[in-house]
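Number of protein chains: 2
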Amino acid sequence: MYQAMTDKQLIKSVPDGSILTPKGFQCGGVHAGLRYTKLDLGMIVSEIPASCAAVYTTSHFQAAPLVVTQQSIAKENVLRAIVVNSACANACTGEQGYQDALKMRSLAAAKMGIPEHQVAVASTGVIGEFMQMEKIESGIENLVIGKSADNAEYFQTAILTTDTVMKSCCYSARIDGITVSIGGAAKGSGMIHPNMATMLGFLTTDANISSEHLTAALKDVTNITFNQITVDGDTSTNDMVLVMANGAAGNQPLDPNHPEWGIFVDLLKESSASLAKQIAKDGEGATKLIEISVSGAMSEEEARVVGKQIAGSNLVKTAVYGADANWGRIIGAIGQSGASINPNTVDISLGEITMLKNSTPVAFDEDHAREYLMNDKVEIFVDLHLGEGKGMAWGCDLSYDYVKINASYRT
Amino acid sequence: MYQAMTDKQLIKSVPDGSILTPKGFQCGGVHAGLRYTKLDLGMIVSEIPASCAAVYTTSHFQAAPLVVTQQSIAKENVLRAIVVNSACANACTGEQGYQDALKMRSLAAAKMGIPEHQVAVASTGVIGEFMQMEKIESGIENLVIGKSADNAEYFQTAILTTDTVMKSCCYSARIDGITVSIGGAAKGSGMIHPNMATMLGFLTTDANISSEHLTAALKDVTNITFNQITVDGDTSTNDMVLVMANGAAGNQPLDPNHPEWGIFVDLLKESSASLAKQIAKDGEGATKLIEISVSGAMSEEEARVVGKQIAGSNLVKTAVYGADANWGRIIGAIGQSGASINPNTVDISLGEITMLKNSTPVAFDEDHAREYLMNDKVEIFVDLHLGEGKGMAWGCDLSYDYVKINASYRT
Chain A
1 MYQAMTDKQL IKSVPDGSIL TPKGFQCGGV HAGLRYTKLD LGMIVSEIPA
51 SCAAVYTTSH FQAAPLVVTQ QSIAKENVLR AIVVNSACAN ACTGEQGYQD
101 ALKMRSLAAA KMGIPEHQVA VASTGVIGEF MQMEKIESGI ENLVIGKSAD
151 NAEYFQTAIL TTDTVMKSCC YSARIDGITV SIGGAAKGSG MIHPNMATML
201 GFLTTDANIS SEHLTAALKD VTNITFNQIT VDGDTSTNDM VLVMANGAAG
251 NQPLDPNHPE WGIFVDLLKE SSASLAKQIA KDGEGATKLI EISVSGAMSE
301 EEARVVGKQI AGSNLVKTAV YGADANWGRI IGAIGQSGAS INPNTVDISL
351 GEITMLKNST PVAFDEDHAR EYLMNDKVEI FVDLHLGEGK GMAWGCDLSY
401 DYVKINASYR T
Chain B
1 MYQAMTDKQL IKSVPDGSIL TPKGFQCGGV HAGLRYTKLD LGMIVSEIPA
51 SCAAVYTTSH FQAAPLVVTQ QSIAKENVLR AIVVNSACAN ACTGEQGYQD
101 ALKMRSLAAA KMGIPEHQVA VASTGVIGEF MQMEKIESGI ENLVIGKSAD
151 NAEYFQTAIL TTDTVMKSCC YSARIDGITV SIGGAAKGSG MIHPNMATML
201 GFLTTDANIS SEHLTAALKD VTNITFNQIT VDGDTSTNDM VLVMANGAAG
251 NQPLDPNHPE WGIFVDLLKE SSASLAKQIA KDGEGATKLI EISVSGAMSE
301 EEARVVGKQI AGSNLVKTAV YGADANWGRI IGAIGQSGAS INPNTVDISL
351 GEITMLKNST PVAFDEDHAR EYLMNDKVEI FVDLHLGEGK GMAWGCDLSY
401 DYVKINASYR T
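Order-wise, the sequence lines are chains A and B. For the first sequence, our numbering puts the final residue at 411, and the numbers step up evenly by one. For the second sequence, our numbering puts the final residue at 411, and the numbers step up evenly by one.
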C-alpha cells in the first residue's frame, strides 16, 4: 500500500507551507474579469531557470494551452513561469484558441522579461468558448508577483473554478543533509459550472534535479496518486500536473543512483497524494472521501485497476452516500475490473469491519457498519489473496448535489 | 448504424406478441413467497427439445445459476426449460449456492418430466444471501404452465425485481416462405433494491437452427445490442441472455449459407435491440432514453466503444436530465474513449441540431436545444470522419431518483 512505501519519519509536513516554501519561487493572482468577482488569473515564477516535468490529459482533445506548454518544454526542458487562467478552458477552440494560448504565453514572458519558451500555459473552465484576450492582457499587466503568504493564497484562489476549497500542500525532507521542499497547489472536481475542464496541479521544489529524472519520477508518482482519483469517470481536455525544480536548495543532483533518491520520490509522492486526496474529497457534491486499499493482486497495476474500479462505481458511491454497507456492489466492481481474480479468495472490509472472507459473507453488525459509513472518510480494504500487488485509489460519494450541480443549466 | 442494417420491410413487429408467439412454447409464473406479494418464480418450457445459445456476464463472480446453466448446455446443447427466480441472486453463496442451483434445476426437471441437463437456471436479486429452498420447492410445485396471454404476463412479471415495467417483444419474418417468430422477455436496471444482480433476457423462437449457429448469431447480436446499453457502468454477477430455438416453424435448417440467414440474424437483432432499449429506458431513476449513433469510426467496434463511453458518462447523463445542451461533455467522453480520433474532424448533433462541425463550435438556438432535450427520447449523433465504422449505444439520464434509489438502506 502507498503509505507503507513512505517512511513517514523522513518526510515532514510543513505547516502553512505552500508553493512558495521551496526557495526561489514567487507567485500571484489577480481578477482579470473573466469571472464576476473571483480572482481568475495567476502565475508562478522561479527566480532562476528550473528543471521541469509535466503530465497531460490522455484525452484526444488536448486543449490549446497544453499544446503550447508541450512546445515550451520541448525546446529546452527549462521553465521560469507558469501562467494560468480559470473560467475558460480554451479547449475545442481550433486555430484561434492556439493563437490565444501563444499570445498568453508571450504576454507572460514579456512581463517577466524571460524567453517565451520558458513559460508554461494552463487554462481551466468552459469548453468551446474563446478566450477574452483583452482581459487576459490587462490581467497579466496588473498581476503582482511576490513571496508572501497572501501571494500564495491569491494564486491558489485564481486557479479555482467553483471548487469549494483551496487545495495546497507542502512537505520537506533532508537530502545531502540539506532541507529540500516541495510545495503544491491544485484545482479540481468542484465543477459546479458544467463544461469545466477539470484538474490542474502545480508543484514547486527547490531540489536540484534534471528535467529528465524529474519527468521519470513524476510519471511514476502520477500513476499512483493523481491517476488514482476519480469523481465521475470523466476525463477532461485540460488535465495537467506540472513541476518546476529550481535547484535552490543546493543538494547534489538527484538521480536514481543518489543514495537519497528514494526520499525525494517519496517526497514527491506525499505531495501529489495530498493534492489528489484534496481533489477527491472536494468532488462535486461529495460529502465523504472514499479511500480504497487493495492488496494480494497479481501486480501493483492490477491492484490499482481494482481500486479505481471500486472508486468509480456509481453503485458503491451511492451506497456510501446512503451509509449502506452494501458489499455486493464492491464485489460487482471487482468482478468487472478486468484484473485477475480468484472468485473464491476475496476479503472485503469497511474500516475494521470484515464483510467478506474467502468470498463468503461474514455476519456483521449493520448498525455499527452504518455508523462507520457516516464518517467523512470511509476506508475500503480488499485482499484478493492472489499475489503481492498493492495499490490505492480515492474517490468520493455520489449525492443528490452531484446531480443538482451537473443538471443545472450552464447559464 | 444498426437500423440501416435491418431491412425493416422484412422484419415485422407482432402486436401483442410474446415469448409464446413462436410455436411450441409454454410458460408461467407464480408467487413462491421470496417476495412479499409479487410473482417471483417463472418457467419457460419448449414442448420439444430446443437448440439453445446463451451469453453470460463477464464478471469474475458468476453466480451459481450461471454455472449450472453452462453445465446443462455443455452436455447436449439442448434445452427444454428455463426456470427463473427473482428476489435472490444466489451469487457469492459458495458451495451451498451451487447445490441450491442444482436442486432448483432438478425440481424443475422432475416437474416437467425431462432430463436435468435440459433445464437452464437463472436468478436475480440480492447478492450474498442464500436461497430459501423450501419456497423454491413449493413454488415450482404450484407453477402452472400454459399458452395464454396471462401465462406470458405471469412469467414476465415473475422475473422482475423492482423494474417499473415489463419488458417483452415479438418479431417475425418469412424464411423459406414460412413465418418464423422470435419472442422475448427481459428484466433489468430498475434496481430499486440495492445489491440486485441485474439483467436477464430470454428469447424463444420456432426457427429451425442448430445450437452452434444460434450461438454464433447470438454473440454477434449481443455485441451490438445488449452489450451496448449502460445504466450506471456496473456489471452484474448474474447477467445472462438465453435463446431457445425449437424448430417448430419447419423452415430449412438455418446456417450462414442459407439464403435467408441474414433475415434471421436481423430478426434476432431486432428482438434483442428492442429488449435492450426497454431496459435502458427503465434504468434506475431514468426519465429519458438516450440513443447514440456514431459513424465515421475506424471500425464498428470503435464506433460502439465511443457510443458506449458517451452513454456511460455521468456528465452527459446529468446534462440530458437537466436538458442542458452541453456538447463539451460529449467531447470529453469521446476524447477518453480510447478509440482512434482525429481531434479536428468531429461533428456532434443533438437530434437535428448541429453543435460541432469539424470540431468547431456551431452557433445554435439554446432554447430550441433545450426543448429537444425535454423529449423522453434523446438522440445524439457523432461523426468522427475517419472511416466507415458505425455503431449505436443506449443509455438513460442520471436523475435525483438514481441517487435516491441507490442510497436508500437495503432493509
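Derived from the structure by calculation, the hints contain no laboratory data. Remember, predicted model here, so these are calculated numbers, not experimental data. Some hints could be false.
Given that identical chains are not distinguished, each listed pair holds provided it fits within a single copy or across any two copies.
Said to hold, decoys possible - Subject to a maximum C-alpha distance of 16 angstroms in a straight line, what follows is the list of computed EDC-like cross-link-like pairs (lysine to aspartate or glutamate):
1. Lys404 x Glu260
2. Lys357 x Glu95
3. Lys75 x Glu371
4. Lys357 x Glu129
5. Lys377 x Glu291
6. Lys357 x Asp376
7. Lys38 x Asp150
8. Lys219 x Asp266
9. Lys103 x Glu291
10. Lys103 x Asp16
11. Lys277 x Glu116
12. Lys111 x Glu137
13. Lys75 x Asp401
14. Lys135 x Asp220
15. Lys111 x Glu366
16. Lys12 x Glu300
Hints and how they fare:
1. Taking the shortest Cα distances, Lys404 and Glu260 never come within 16 angstroms of each other, neither inside one copy (48 angstroms) nor across copies (51 angstroms).
2. In this homomeric assembly, Lys357 and Glu95 come within 16 angstroms of each other (Cα to Cα) only across copies, at 14 angstroms, whereas the closest approach inside a single copy is 57 angstroms.
3. In the homo-oligomer, the alpha carbons of Lys75 and Glu371 never lie at most 16 angstroms apart, since the shortest distance is 55 angstroms inside one protomer and 49 angstroms across protomers.
4. For a Cα distance limit of 16 angstroms, the shortest separation of Lys357 from Glu129 across copies, 15 angstroms, qualifies, whereas the shortest one inside one copy, 52 angstroms, does not.
5. In the homo-oligomer, the alpha carbons of Lys377 and Glu291 lie at most 16 angstroms apart inside one protomer (7 angstroms), although the nearest pairing across protomers, at 37 angstroms, exceeds that limit.
6. Taking CA atoms no more than 16 angstroms apart as the test, Lys357 paired with Asp376 passes in neither setting, with 26 angstroms inside one copy and 44 angstroms between copies.
7. For a Cα distance limit of 16 angstroms, the shortest separation of Lys38 from Asp150 inside one copy, 15 angstroms, qualifies, whereas the shortest one across copies, 64 angstroms, does not.
8. Proximity of Lys219 to Asp266 under the C-alpha cut-off of 16 angstroms is restricted to the intra-copy arrangement: shortest distance 13 angstroms within a copy versus 48 angstroms between copies.
9. Neither within a single protomer nor between protomers do Lys103 and Glu291 lie at most 16 angstroms apart by alpha-carbon distance, with minima of 41 angstroms and 41 angstroms respectively.
10. Proximity of Lys103 to Asp16 under the C-alpha cut-off of 16 angstroms is found in neither arrangement, the shortest distances being 35 angstroms within a copy and 66 angstroms between copies.
11. Within a single copy, Lys277 and Glu116 get their C-alpha atoms no closer than 33 angstroms, and across copies no closer than 54 angstroms, so neither meets the 16 angstroms cut-off.
12. In this assembly of identical chains, the alpha carbons of Lys111 and Glu137 lie at most 16 angstroms apart only when taken from the same copy (10 angstroms versus 82 angstroms across copies).
13. Proximity of Lys75 and Asp401 under a CA criterion of 16 angstroms is satisfied in neither setting, with 44 angstroms inside one chain copy and 52 angstroms between copies.
14. For a Cα distance limit of 16 angstroms, the shortest separation of Lys135 from Asp220 qualifies neither inside one copy, at 38 angstroms, nor across copies, at 55 angstroms.
15. In the homo-oligomer, the alpha carbons of Lys111 and Glu366 never lie at most 16 angstroms apart, since the shortest distance is 61 angstroms inside one protomer and 40 angstroms across protomers.
16. Within a single copy, Lys12 and Glu300 get their C-alpha atoms no closer than 26 angstroms, and across copies no closer than 53 angstroms, so neither meets the 16 angstroms cut-off.
Of the numbered hints given earlier, the model fails hints 1, 3, 6, 9, 10, 11, 13, 14, 15, 16; all others are met.
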